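Participant: Read off the chains here:
2 protein chains.
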Amino acid sequence: MGTRIFDLKKYLSTLRQLVDEALQGYLEDGSTSTRIGQAMHYSVMAGGKRLRPILCIAAAETLGGDRQAVLPLSCALECIHTYSLIHDDLPAMDNDVLRRGNPTCHVKFDEATAILAGDALLTLAFEILADTASRSSNGDPVRWTTVIAQMAAAAGYRGMIEGQMRDIAFEGIAIDTDSLKTLHRLKTGRMIEVSVASAATVCCASQDVQQALQTYSRNIGLAFQVADDILNVKGDPLLLGKSTGTDQMRGKNTYAALLGLAGAEQFADQLINKALNALDIFDSKADSLRAIARYVIERKR
Amino acid sequence: MGTRIFDLKKYLSTLRQLVDEALQGYLEDGSTSTRIGQAMHYSVMAGGKRLRPILCIAAAETLGGDRQAVLPLSCALECIHTYSLIHDDLPAMDNDVLRRGNPTCHVKFDEATAILAGDALLTLAFEILADTASRSSNGDPVRWTTVIAQMAAAAGYRGMIEGQMRDIAFEGIAIDTDSLKTLHRLKTGRMIEVSVASAATVCCASQDVQQALQTYSRNIGLAFQVADDILNVKGDPLLLGKSTGTDQMRGKNTYAALLGLAGAEQFADQLINKALNALDIFDSKADSLRAIARYVIERKR
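Just so you know, the protein sequences line up as chains A and B, in that order. Counting from 1, position 174 in the first sequence corresponds to residue 174 in the working numbering; the numbering is continuous, with no gaps. Counting from 1, position 137 in the second sequence corresponds to residue 137 in the working numbering; the numbering is continuous, with no gaps.
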């Protein structure tokens, strides 16, 4: 496995372009003439990595599925991700003024517009999914309603939102590694997991395959957060498009703080190995997922 | 039509109880142990009129549909409505401290929790709909994906959210009656319309019937807002559970200000008559909808 050469850079850039074009299509559907449409467009097109959409597409391709079939799904994932960033950046939450090197939504527009732009992107995600489901010609809309339910559960009060609540509640309070793992699984992990799981639902994956993909996504989700913590200590602010050292300044609970930098790096490696092992049941079709797993801890931004 | 005696008071109280119990069920599903769950529960159970859920059920019953079949749908409508109130009340928007006589969510909890509770209720609405669709045993999940798409479109950046954007943008700026109508159709009308339209979708209503119901809901939606404006001038703050005279104080564009109190009352009557006329194609099964139309302008809160 993974001994063939897989051109990840090209794969990421191709998919990024595909996703960006599809997102443009959804966002320019008559919306940019309004201030709310402009705010939505501004934040979505601010140059994200598109990790969740790409994971979704790579998972679908691993299962023999079609890029185009899961493209709406991948756009919905990015809409939810962007909404969560806009709301997390608000003065009442992290009060961040920069995101990916640009002013955050509430700085560029205003607070009310940022709250509503987040609301609108969350709503748009479900509209995209429901529209796709209604138009689905392959006769099984139940798969799509399952996807909508999975997505809502991952994003909702038992998932991402609870993670954000804990992130705020724990700021400045020392917690142990297990609590930090649960926090991150909720805050970022659940949406990364559903990026893969929703593709598996659309592709009618078997239980075994779903299980393997969940082990994969759960481990890279956590590794992604550990890598984020490491980058906040030793990353390049210019490449990251945001300040570093901020976690320590804010008294945030991080793996770097709990395990030390070397410990955190070792932990991230372990997680990625677990993710790669879970992919052993797949052939070379999973090379994209394998390459993404390595990228998660090797990335510079 | 409407000459029979319809006991609206009893009908409203029965349905309110039914909806409240169903909402309790969704909200107490393990959520009240968390702060976010408590905030969601607090705002949803703060004693609303449940107008949208009741309209949804009344429309379904008019079409020979079943109360229980649209109960999840009516709960989803109330979740979206409550989320919109929580976010509208935020300091960055209307900065209201009282809602239905109680502290608003951000006052009772805090701003971050209120933003996230709104987000969580919006997400929960789609989870309820998707779960219902997935479990739907009557073989047509496409009806449900259509409902989800309708709901998202009504609540989103071309609907309710754009209405809120205009409401903020127009504060203190004089606008004409047409602009005010469009604002209200977006801000409150679209969700009232979809309360009825989604029931029609679930009940597989014909085009003609859908059209009649749309005329009905569009007119009562606008009448509801006109009545709100009138209540803000001459309502009883104790019955309303909120201060009166606030629209004038804030320089809000209202029908009372544009048309005068008598003119606004006349306009509301005209709208209700149009709504009632649209129901002429139905027999006594529509008596609940007829009674609700009258209630919209006769209510004291």
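Bear in mind the hints are in silico, worked out from the structure with no lab data behind them. Heads up, some of the hints might be wrong.
Claimed, not checked - Capping the alpha-carbon separation at 30 Å, the derived lysine-lysine pairs in DSS-like fashion look like this:
id, chain 1, residue 1, chain 2, residue 2
1, B, Lys-285, B, Lys-252
2, A, Lys-10, A, Lys-252
3, B, Lys-300, B, Lys-49
4, A, Lys-252, B, Lys-49
5, B, Lys-252, A, Lys-108
6, B, Lys-108, B, Lys-181
As the list claims (entries may be wrong) - Calculated Cβ distances over 12 Å to all of chain A for the following chain B residues:
id, residue
7, Gly-25
8, Thr-34
9, Pro-91
10, His-106
11, Glu-127
12, Met-160
13, Asp-178
14, Thr-215
Stated by the list, open to error - Label-pair distances were calculated between CB atoms; the ranges are:
id, chain 1, residue 1, chain 2, residue 2, range
15, B, Glu-28, A, Lys-49, 49 to 59 Å
16, B, Met-93, A, Ile-175, 26 to 36 Å
17, B, Arg-135, A, Gln-211, 22 to 32 Å
18, A, Gly-101, B, Thr-182, 50 to 60 Å
19, A, Glu-21, B, Thr-182, 25 to 35 Å
20, A, Lys-9, B, Gly-101, 51 to 61 Å
21, A, Gly-64, B, Asp-283, 48 to 58 Å
22, A, Gly-101, B, Met-93, 48 to 58 Å
23, A, Glu-171, B, Met-93, 51 to 61 Å
24, B, Glu-298, A, Gly-101, 36 to 46 Å
25, A, Ser-13, B, Arg-135, 55 to 65 Å
26, B, Ile-281, A, Glu-171, 57 to 67 Å
Fair warning: this is a prediction, and the values are worked out from it, not measured in the lab. Even for Gly, the Cβ is constructed at its ideal location relative to N, Cα and C.
Participant: Against each hint, give a clear statement of whether it holds in the structure.
Facilitator: Hints and how they fare:
1. A C-alpha spacing of about 39 Å is found between Lys-285 (chain B) and Lys-252 (chain B), which places the hinted pair above 30 Å, so the restraint is violated.
2. Restraint check: the Cα-Cα separation between Lys-10 (chain A) and Lys-252 (chain A) comes to about 35 Å, which exceeds 30 Å; the hinted pair is violated.
3. Under the criterion of a C-alpha separation no larger than 30 Å, the hint pairing Lys-300 (chain B) with Lys-49 (chain B) is consistent with the structure, at around 11 Å.
4. Distance restraint check for Lys-252 (chain A) and Lys-49 (chain B): the Cα-Cα separation of roughly 43 Å exceeds the 30 Å cut-off, and the hinted pair is therefore not satisfied.
5. For the given pair, Lys-252 (chain B) sits about 26 Å from Lys-108 (chain A) by alpha-carbon distance, which is consistent with the 30 Å threshold.
6. For the suggested pair Lys-108 (chain B) and Lys-181 (chain B), the alpha carbons sit about 33 Å apart, so the restraint of at most 30 Å is broken.
7. With a cut of 12 Å on Cβ distances, Gly-25 (chain B) stays outside the contact zone with chain A, its closest approach being about 15 Å.
8. Not every C-beta of chain A lies more than 12 Å from that of Thr-34 (chain B), the closest at about 6 Å, which undercuts listing it as non-interface.
9. The claim that Pro-91 (chain B) lies off the interface is violated: its Cβ sits roughly 8 Å from the closest Cβ of chain A, which falls inside the 12 Å cut-off.
10. At roughly 8 Å, the least C-beta separation between His-106 (chain B) and chain A is not larger than 12 Å, which violates its mark as non-interface.
11. Non-interface status of Glu-127 (chain B) relative to chain A is broken: a Cβ of that chain comes within 12 Å, the nearest being about 3 Å off.
12. Not every Cβ of chain A is farther than 12 Å from the Cβ of Met-160 (chain B); the closest lies at roughly 9 Å, contradicting the non-interface assignment.
13. In this structure Asp-178 (chain B) is separated from chain A by more than 12 Å, as the shortest Cβ-Cβ distance comes to about 18 Å.
14. Against the 12 Å criterion, Thr-215 (chain B) stays outside the reach of chain A, whose nearest CB is about 24 Å from its own CB.
15. For Glu-28 (chain B) and Lys-49 (chain A), the hinted distance range of 49 to 59 Å is not satisfied, since their beta carbons lie about 38 Å from each other.
16. Range check, Met-93 (chain B) to Ile-175 (chain A): about 33 Å between beta-carbon atoms, so the 26 to 36 Å window is met.
17. Our hint of 22 to 32 Å for Arg-135 (chain B) and Gln-211 (chain A) holds, since their Cβ atoms are close to 23 Å apart.
18. Checked against the hint of 50 to 60 Å, the pair Gly-101 (chain A) and Thr-182 (chain B) fails, with Cβ atoms roughly 38 Å apart.
19. For Glu-21 (chain A) paired with Thr-182 (chain B), a C-beta distance near 32 Å keeps the hint of 25 to 35 Å intact.
20. For Lys-9 (chain A) and Gly-101 (chain B), the Cβ-Cβ distance of about 60 Å falls inside the hinted range of 51 to 61 Å, so the restraint holds.
21. At about 54 Å, the beta-carbon gap between Gly-64 (chain A) and Asp-283 (chain B) stays in the expected band of 48 to 58 Å.
22. Roughly 29 Å separates the CB atoms of Gly-101 (chain A) and Met-93 (chain B), a value that falls outside the hinted 48 to 58 Å.
23. Evaluation of the 51 to 61 Å hint for Glu-171 (chain A) and Met-93 (chain B) yields a failure: the beta carbon distance comes to about 25 Å.
24. At about 57 Å, the beta-carbon gap between Glu-298 (chain B) and Gly-101 (chain A) misses the expected band of 36 to 46 Å.
25. For the pair Ser-13 (chain A) and Arg-135 (chain B), the beta carbons lie near 41 Å from each other, so the given range of 55 to 65 Å is not met.
26. Between Ile-281 (chain B) and Glu-171 (chain A) the beta carbon distance is about 59 Å. The supplied range of 57 to 67 Å therefore holds.
In this structure, the hints that do not hold are numbers 1, 2, 4, 6, 8, 9, 10, 11, 12, 15, 18, 22, 23, 24 and 25, in rising order.
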